[in-house]
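Undergrad: Sequence:
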Amino acid sequence: VSVILLATGLGPGVCSGWEGSGDWAVAMGLGVAAVAGCLLPWGLLAVAFGCSLFAVWKLGLVQRLRYRVIKEEGAHGVKYVFTLVGGHISPILVACEKIGIHVVDTRHEVTAVFAADAVARLSGSIGVAAVTAGPGLTNTVTAVKNAQMAETPVLLIGGAAATLLQGRGALQDIDQLSLFRTLCKFCATVRTVRDIVPVLRKAIAVAQSGTPGPVFVEFPIDVLYPYHVVRKEVIPKSAPKGVVGKAVNWYLHNHLNNLFAGAWDKRDISPLPVDHPMATANEVQCCMEMVSRAKKPVILLGSQATLPPTPVDNVRAALESLAIPCFLGGMARGMLGRDSPIHIRQNRRDALKDADLVILAGIVCDFRLSYGRVLSKRSKIVAVNRDRSQLLKNSDMFWKPTLAVRGDAGSFLVRLAEGLRGYQAPRDWTQHLKDGDVKKEKANCEKAEEEVMTHLNPLKVLHRVEHLMEEDSIIVTDGGDFVGSAAYILKPRGPLRWLDPGAFGTLGVGGGFALGAKLCRPESQVWIVYGDGSLGYSIAEFDTFKRHKTPVIALVGNDAGWSQISREQVPLLGSNVACGLAYTDYHTVAEGYGGKGFLLNRENEDQMDNIIRAAHGECRNGNPTLINVLIGKSNFREGSISV
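Read in order, the letters of the sequence shown are residues 1 to 643 in full-length UniProt numbering.
In short, the hints are calculated from the structure, not lab data.
Honestly, I wouldn't trust all of these hints.
Calculated lysine-lysine pairs in the BS3-like style (CA-CA distance at most 30 angstroms, straight line) [claimed, not checked]:
#1 633 to 447
#2 296 to 439
#3 295 to 439
#4 232 to 246
#5 145 to 185
#6 549 to 79
#7 491 to 295
#8 98 to 266
#9 98 to 549
#10 633 to 491
#11 380 to 434
#12 79 to 266
#13 377 to 400
Turn these sequences into a full structure, and let the hints steer you where they fit.
TA: Put into structure tokens, the structure is as follows:
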């Protein structure tokens with residue numbers, strides 16, 4: 001994110017500064033010498049001063065700083081910086097604007113990070129968010145943790161108090177690094193202008209290497225603002241008097257010079273190499289042998305299979321070549337398109353019991369696989385994951401891998417298909433699983449036609465949306481019960497066309513994910529599937545959608561409650577406390593933010609298709625649109641987990 005090089009806003013006002021080691025020890029050492037000099041006779045002072053100058057010259061600590069504006073737009077593929085403006089980061093945002101990086105300001109800092117997360121997932125490069133110090137940063141914690149658990153490379157840039165004022169009670173000054181160390185792969189603070197480039201290059205490389213994840217770089221305000229502005233704040237207006245005053249003044253001058261020393265030296269701004277762990281040839285060969293002998297193989301594909309460096313289209317081609325039945329999860333949903341003969345969507349538990357070979361490609365044995373308990377002890381299991389701790393999670397309790405591969409799942413599958421060219425999984429096994437799919441989906445369609453006590457059947461609404469959704473659509477999910485139902489009904493049309501929070505189960509991702517998705521794929525229709533509870537987190541981003549011309553469609557399943565929680569809480573504990581909401585006019589709220597709203601209920605149920613088509617039209621005309629669907633209670637997801 002080379003924009004930071006411009007963000008210093010440096011001018012030609014400074015003519016000399018400290019170079020070389022330039023650390024605090026040198027500055028303090030010279031400061032002590034200066035204080036001692038004030039107490040020496042004038043002759044000795046002159047000698048001491050001369051010696052000091054000679055030593056400094058010999059060490060190369062003084063040089064003339066050259067003014068240089070380094071423009072490197074696109075050096076790391078950054079097109080967007082998401083933010084909520086604050087004085088600590090204003091120079092960064094202004095510099096972005098000057099060199100053509102699109103600054104997208106949101107209504108909450110957490111949305112900025114969620115949007116950066118979505119850009120990283122869809123573009124295969126780093127996503128960037130910049131927020132102001134203190135509460136601006138604390139507002140991002142949930143999104144940063146979500147990126148960590150979803151394994152998304154996000155660069156979070158945070159403002160900070162001036163270097164001299166940290167820990168002294170400055171405005172919004174907290175220990176920000178300690179806050180993010182457990183959440184990020186890499187945390188650093190930039191102490192001098194010359195450190196900006198190397199710190200950012202390292203942060204971006206770390207974020208994308210190995211198991212991707214978020215990184216945090218803190219920028220004190222005095223490394224961002226121009227020299228003359230910082231000097232005015234640091235250096236006293238009038239010459240100080242007395243020994244202490246002169247010593248402090250001398251120290252401040254040297255601190256300022258060290259801050260800007262080397263600011264215009266030429267530095268390499270190209271991306272550092274990114275490390276992608278790869279399976280060994282022996283590991284691929286071992287898996288090939290197991291696949292060739294298997295009668296009932298299945299592949300479980302997780303989000304890691306969509307990560308660079310292997311293009312998702314290559315992964316899809318490899319899966320289609322192998323023709324092994326696949327269950328897709330996370331960002332891998334849509335990998336095989338809408339209606340692939342090898343994509344199995346239903347009855348996963350039964351399939352895993354019968355399978356004699358299971359390939360876990362970038363998927364983890366956590367709560368989503370019942371901690372590994374759904375895997376049969378009779379099955380051979382090949383686990384592929386970039387992260388060793390995720391690779392073997394719960395293997396000491398409920399399952400054991402026959403082959404554990406620490407490596408990239410996408411490239412592993414491509415190499416597997418190349419080694420098994422001409423191989424096809426047994427068709428009778430695939431057809432058996434597909435028949436179960438057809439039977440279950442037929443039952444779901446029949447359930448969609450059932451009458452509910454009040455309002456509309458949520459399954460019916462979802463089936464109509466699925467039927468009318470455009471082929472280039474991207475689906476963003478943000479909610480509990482309604483979204484859980486949607487996961488069974490809505491079919492992503494292709495790879496990288498489904499966005500959900502991931503293992504953290506975070507509510508509130510909708511606005512940010514949709515914003516990032518629409519910017520990455522402006523030609524695609526972006527749908528946000530909301531529960532009415534989760535909508536409350538980001539409905540204000542309809543203002544952002546309107547201002548930044550990123551029209552999306554929000555489908556809100558409004559059942560006036562936190563139904564996923566209520567479903568267990570009421571029968572177990574006998575109370576619906578804190579689970580009830582109201583049938584709020586969310587369509588009116590969206591219109592208040594400049595969007596277009598539709599209400600869909602039992603009274604206009606016969607107009608359902610027309611309303612969905614009208615939402616398409618409004619979106620194409622540049623209007624962010626919300627369909628507020630009043631839905632009744634359904635037992636479709638009875639027994640689903642909420643904790």
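Undergrad: Hints first: check each against the structure and report whether it holds.
TA: Status of each hint after checking the structure:
no.: 1; hint: 633 to 447; in the structure: 13 angstroms, holds
no.: 2; hint: 296 to 439; in the structure: 20 angstroms, holds
no.: 3; hint: 295 to 439; in the structure: 23 angstroms, holds
no.: 4; hint: 232 to 246; in the structure: 17 angstroms, holds
no.: 5; hint: 145 to 185; in the structure: 11 angstroms, holds
no.: 6; hint: 549 to 79; in the structure: 16 angstroms, holds
no.: 7; hint: 491 to 295; in the structure: 28 angstroms, holds
no.: 8; hint: 98 to 266; in the structure: 21 angstroms, holds
no.: 9; hint: 98 to 549; in the structure: 20 angstroms, holds
no.: 10; hint: 633 to 491; in the structure: 23 angstroms, holds
no.: 11; hint: 380 to 434; in the structure: 22 angstroms, holds
no.: 12; hint: 79 to 266; in the structure: 23 angstroms, holds
no.: 13; hint: 377 to 400; in the structure: 8 angstroms, holds
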